[in-house]
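Order-wise, the sequence lines are chains P and D. Quick note on numbering: my numbering labels position 67 of the first sequence as 67, and the sequence is numbered without any gaps. Quick note on numbering: my numbering labels position 348 of the second sequence as 348, and the sequence is numbered without any gaps.
A few of these clues could be false.
Restraint-style ranges between C-beta atoms, simulated for each label pair [claimed, not checked]:
#: 1; chain 1: P; residue 1: ILE240; chain 2: D; residue 2: GLY334; range: 42 to 52 Å
#: 2; chain 1: D; residue 1: LEU285; chain 2: P; residue 2: HIS193; range: 55 to 65 Å
#: 3; chain 1: P; residue 1: GLY358; chain 2: D; residue 2: ALA85; range: 49 to 59 Å
#: 4; chain 1: D; residue 1: ALA329; chain 2: P; residue 2: ASP78; range: 53 to 63 Å
#: 5; chain 1: P; residue 1: HIS200; chain 2: D; residue 2: ALA518; range: 23 to 33 Å
Under 10 Å between C-beta atoms, here's a sample of chain D residues computed to sit facing chain P [what the hints assert, rightly or not]:
#: 6; residue: LYS4
#: 7; residue: ALA37
#: 8; residue: GLN52
#: 9; residue: PRO62
#: 10; residue: ALA85
#: 11; residue: CYS469
#: 12; residue: GLY486
#: 13; residue: ARG501
#: 14; residue: PRO539
Read the hints as simulated data drawn from the structure, not as lab findings. Here the structure is a predicted model, which means the values were calculated and not measured. A virtual CB, placed ideally from N, CA and C, is assigned to each residue, including glycine.
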Amino acid sequence: MPPSDILVIGGGVTGTVAAIRLAEQGARVTVLDAATNAGSDANAGSLHVQMQSRFMRLYPDQVPNVEAALPFYKQAADTWVEMDGELGGVELVRKGGLMLAESEEQLAFLQKKAERETAQGLSVDILQRTELERFAPWLGPQIVGAEICHDEGKLNPLIANQRLRQLAEASGVARRKVFVDALDEGSNGVTAHTSDGSFHADQVLLAAAWGSADLTAPFGITVPSAAEPLHMNITEPSTIAISHLVQHAERSITLKQFGTGQIVIGGGWAASDQGRGVPPKVRAESMLGNVALAAKLAPAIGGLRVIRTWAGMNTTTDGASIIGRLPKTDRVVMALPGDAGYTLGPLVGRLAADIALGRVPNIDIERFSPSRFADLV
Amino acid sequence: MGVKRFHFEGQEITAPEGKSLAAALTEAGVRAFRDTAKEAERGIFCGMGVCQDCLVTVNGAPNTRACMTRVEEGFEVERQVALPAFGALDQQETSDPLHLSPDVLVIGGGAGGLSAAAAAAEAGASVVLLDERKVAGGQYYKQAADHTILDQQQADGAKLVAQARASGADLISGVELWGAFDGLVFLGHRDGQPVIVKPKTAIVATGAYERPVTVPGWTLPGVMTTGAAQTLWRSYQTLPGKRIAVCGSGPLNVQVALELAKGGAEIVFIAERAPAAISKPFNALAMALADPKLTIQGLRMLADLRKRGIKVHNATELTEIAQERDGLAATFVGRVGRKQTVQIDALCMNAGFEPQNEILRLLGARMHYDPAMGHLRCDKSKVMETCVPGLYAIGDCTGLGGAPAARLEGEIAGSHAASACGYASESDLETKQSGLTKHRAFQKNLWTLYDIAPADTTALPSDTVICRCEELTLGDVRAGLATKPGHVGTLKRATRVGMGRWQGRYCGPVAARIVSQATDQAIDDLSFFAPRVPIKPVPISAILAAEEAMAAEDSDVTEVADAAQ
Numbered sequence: 001m002p003p004s005d006i007l008v009i010g011g012g013v014t015g016t017v018a019a020i021r022l023a024e025q026g027a028r029v030t031v032l033d034a035a036t037n038a039g040s041d042a043n044a045g046s047l048h049v050q051m052q053s054r055f056m057r058l059y060p061d062q063v064p065n066v067e068a069a070l071p072f073y074k075q076a077a078d079t080w081v082e083m084d085g086e087l088g089g090v091e092l093v094r095k096g097g098l099m100l101a102e103s104e105e106q107l108a109f110l111q112k113k114a115e116r117e118t119a120q121g122l123s124v125d126i127l128q129r130t131e132l133e134r135f136a137p138w139l140g141p142q143i144v145g146a147e148i149c150h151d152e153g154k155l156n157p158l159i160a161n162q163r164l165r166q167l168a169e170a171s172g173v174a175r176r177k178v179f180v181d182a183l184d185e186g187s188n189g190v191t192a193h194t195s196d197g198s199f200h201a202d203q204v205l206l207a208a209a210w211g212s213a214d215l216t217a218p219f220g221i222t223v224p225s226a227a228e229p230l231h232m233n234i235t236e237p238s239t240i241a242i243s244h245l246v247q248h249a250e251r252s253i254t255l256k257q258f259g260t261g262q263i264v265i266g267g268g269w270a271a272s273d274q275g276r277g278v279p280p281k282v283r284a285e286s287m288l289g290n291v292a293l294a295a296k297l298a299p300a301i302g303g304l305r306v307i308r309t310w311a312g313m314n315t316t317t318d319g320a321s322i323i324g325r326l327p328k329t330d331r332v333v334m335a336l337p338g339d340a341g342y343t344l345g346p347l348v349g350r351l352a353a354d355i356a357l358g359r360v361p362n363i364d365i366e367r368f369s370p371s372r373f374a375d376l377v
Numbered sequence: 001m002g003v004k005r006f007h008f009e010g011q012e013i014t015a016p017e018g019k020s021l022a023a024a025l026t027e028a029g030v031r032a033f034r035d036t037a038k039e040a041e042r043g044i045f046c047g048m049g050v051c052q053d054c055l056v057t058v059n060g061a062p063n064t065r066a067c068m069t070r071v072e073e074g075f076e077v078e079r080q081v082a083l084p085a086f087g088a089l090d091q092q093e094t095s096d097p098l099h100l101s102p103d104v105l106v107i108g109g110g111a112g113g114l115s116a117a118a119a120a121a122e123a124g125a126s127v128v129l130l131d132e133r134k135v136a137g138g139q140y141y142k143q144a145a146d147h148t149i150l151d152q153q154q155a156d157g158a159k160l161v162a163q164a165r166a167s168g169a170d171l172i173s174g175v176e177l178w179g180a181f182d183g184l185v186f187l188g189h190r191d192g193q194p195v196i197v198k199p200k201t202a203i204v205a206t207g208a209y210e211r212p213v214t215v216p217g218w219t220l221p222g223v224m225t226t227g228a229a230q231t232l233w234r235s236y237q238t239l240p241g242k243r244i245a246v247c248g249s250g251p252l253n254v255q256v257a258l259e260l261a262k263g264g265a266e267i268v269f270i271a272e273r274a275p276a277a278i279s280k281p282f283n284a285l286a287m288a289l290a291d292p293k294l295t296i297q298g299l300r301m302l303a304d305l306r307k308r309g310i311k312v313h314n315a316t317e318l319t320e321i322a323q324e325r326d327g328l329a330a331t332f333v334g335r336v337g338r339k340q341t342v343q344i345d346a347l348c349m350n351a352g353f354e355p356q357n358e359i360l361r362l363l364g365a366r367m368h369y370d371p372a373m374g375h376l377r378c379d380k381s382k383v384m385e386t387c388v389p390g391l392y393a394i395g396d397c398t399g400l401g402g403a404p405a406a407r408l409e410g411e412i413a414g415s416h417a418a419s420a421c422g423y424a425s426e427s428d429l430e431t432k433q434s435g436l437t438k439h440r441a442f443q444k445n446l447w448t449l450y451d452i453a454p455a456d457t458t459a460l461p462s463d464t465v466i467c468r469c470e471e472l473t474l475g476d477v478r479a480g481l482a483t484k485p486g487h488v489g490t491l492k493r494a495t496r497v498g499m500g501r502w503q504g505r506y507c508g509p510v511a512a513r514i515v516s517q518a519t520d521q522a523i524d525d526l527s528f529f530a531p532r533v534p535i536k537p538v539p540i541s542a543i544l545a546a547e548e549a550m551a552a553e554d555s556d557v558t559e560v561a562d563a564a565q
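The following block holds chain P by itself, in its conformation from the complex:
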């Protein structure tokens, strides 16, 4: 294999988009990917923009951070719209996302949240039950209203992943199925030691999601990336009735209908880690809790059958993206969405690629710099 200018570690949505941009700019790029338990492979295609109220209640101290990053989420969703065109259509629908309230208190909370989001440039509205009735008559009678974020949407990740892979290949990106055990820096580059030999390059773009923490350790920094196994449920198809991404003001849930007519239910319900190379296992309490909640919010889906579940790894950090060069080396560029990985992935990938190419990104990403973790060592 000829030497690469840049090794991209992690072939999910972030790494693949970065690799495409790098290759388009003339770099010789090799993607190293273990091809197991990739978060992008298990993703269900929600485009998240608005603040998660559950998160706000649980971690009030992190709210200012999340709030400040809202324009970034919106820009990430815009990036997906661009990519939908470039990839020849990935069933992207941007009709907005609903956050449902089951009480006046929840609706009042959403009202305040909406005001803060409007201040950050998001397009949001508060809808009363009667207004919801016009396009969501399938909602349970207990729903009093909702916040709608017009910037949100959904896409089909199966198609998007496939098209991204094809585009990467067409752009000349090489891809190797290896597990990267460690990185080390020499005088003339970086070496990735893998399950199938060593790979050498001038630079590394690290888009290895939850696997990133182990790989940054030798560079005197520990990014707090952690694996969070989650599961999803999907039903048999029916005619299309739900065009919005549906969430709840207090509880963890996402519900949406794919172009196939199938309804996908998820939203962060825990699965059980089974170790490397084996997909996580679906837990009884998660499946019961997740699907039962969906049935209560949208009773009209009660007759539909769940035909499949799957589980995969989400990645958490400190709640924010990690983008930029590591403080102690010029040769490693981080590309970790940190939250809403599939939504933020393309934008994070493009920004990280720009940094690796020595360009100044067109938006201010100082707040996402990995140097914020340098103190922790």
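Fit chain D to the known structure of chain P by using the hints.
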């Protein structure tokens, strides 16, 4: 027995009480039950609730399996459309949950399960046996809905069912399990009633389903598994058609051809992929020595067919099925390449078996690949325990072994599970083990006389449908290999193969073999799709009912604990 009247697409049909909707429609001459998204017609295929192809809308409830539904008076039945209207879906009525916590849970009411339940209950353990079908007996003993006894096989089955009932085991029919979780928690439903089982030990006896002959046209209505045709006849005295051909490999094909002929069908063609048994005299002799009685039974069947003028065409394979105005045209190719096309109403196919090992794989029971049978076998101890503590596995779900072996394995597992719960019994393990050895020798030699190695797909036309639910052809699946899969999961995401309501039961093994060929990797447990709940498609309303039942149970426990303090 009363008579039930119902409508199909407005046409009035009558059927005797107890008959399945699938049988009643077949008897009325209906072959196509539903239309697919790609505007193809489908009808009965597996006849045992696995394939999800015989879907109809019953009283407004879409996607109801006709083979698992009994005809009721006044049913309004319609052909199933590909996309039922959102919200028009019937919210199932749910009733009070059934909570069970027996010493021994037996899953499956066939030869193995019934034997296990009887053995465990006779030892004194509390036993619950859950069976998906409305009538116990399983696929081998196939009991008639109206309790008619056609022959010795059904008589033996009736005796075994009676023995299991007399043992004190609680036999519950019509329960579909959809969840199996660590710690041995099983979730299911019975006509909308949530069933929650937390047993001390569990014996999985879920049997096998048939491997089809995958050729162009195998999805057409009127083409069904040999077992489906047998169920129509043995359970409901319904013939799948007047003119019938049978193909694939194995003794079941000959047996069912003879049964259908005796029932009045005209068997126009029997194609057996393997050459005549006479070409392997040593195996034939070894088989006869291992079980002379069964061997003689087999020979009698062949003689009986000959007497009726029905010939078994050896070394002959099905290559294509075409829809004609009044039925099907099936084309066969024989040893010297001679082609023969026959006009028929129904085509029965069986080319081996796939174990129903979903529950075992979900719970982490270790498997190994058996290349001769082309399927996974479950690793188990001498007492039928898997590597998962308290989980036993018996019969064909652990790899094909036949009903007599399943019975012995059931007896062994049943008494051991009971003894693990503190009910020791006098079970002669050694005699049973030696009986098993004999049956296994019989099976081993029997299958060398047939050809049930999975068919090579490379020679198939690329427009052959591989994934029936998602309607994907071999060409579609092969195109997915271009994304350098390395794993069947990657192929699944690239092509949607196995994503439909059959949950990959038929296309999964084919996809696993295609990937194994493309990557030059040996097949093992991880070569197949990851095991996932639900085991069978489950209505959201049933999941909601189970969740509420579990929550109520937990709060009861808390209340008791509070009271104790």
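Checked hints:
1. Taking 42 to 52 Å as the suggested C-beta distance range, the pair ILE240 of chain P and GLY334 of chain D conforms, at roughly 50 Å.
2. A C-beta distance of roughly 59 Å is found between LEU285 of chain D and HIS193 of chain P, which places it inside the suggested range of 55 to 65 Å.
3. The hinted range of 49 to 59 Å is satisfied by GLY358 of chain P and ALA85 of chain D, whose Cβ atoms lie roughly 56 Å apart.
4. Remark: the range hint 53 to 63 Å for ALA329 of chain D to ASP78 of chain P is upheld by a beta-carbon distance near 57 Å.
5. Judged by the Cβ atoms, the range 23 to 33 Å given for HIS200 of chain P and ALA518 of chain D holds: they are separated by roughly 30 Å.
6. The beta carbon of LYS4 of chain D comes no nearer than 24 Å to any beta carbon in chain P, farther than 10 Å, and the hint placing it at the interface is violated.
7. Hint status for ALA37 of chain D relative to chain P: holds, with the closest Cβ pair at about 8 Å, below 10 Å.
8. A hinted interface residue such as GLN52 of chain D counts as satisfied when its beta carbon comes closer than 10 Å to some beta carbon of chain P; here the least separation is about 9 Å, so the hint holds.
9. Annotation: PRO62 of chain D was flagged as interfacial toward chain P, and the flag holds, the nearest CB pair being 8 Å apart, inside 10 Å.
10. A cut of 10 Å between beta carbons decides the hint on ALA85 of chain D: the least distance to chain P is about 5 Å, and the hint holds.
11. Checking CYS469 of chain D against chain P: minimum C-beta separation of about 9 Å stays under 10 Å; hint holds.
12. The beta carbon of GLY486 of chain D comes within 6 Å of a beta carbon in chain P, closer than 10 Å, and the hint placing it at the interface holds.
13. Below 10 Å, beta-carbon pairs count as interface contacts, and ARG501 of chain D has one with chain P at about 5 Å; its hint therefore holds.
14. At its closest, the beta carbon of PRO539 of chain D sits 5 Å from a beta carbon of chain P; the interface hint therefore holds under the 10 Å criterion.
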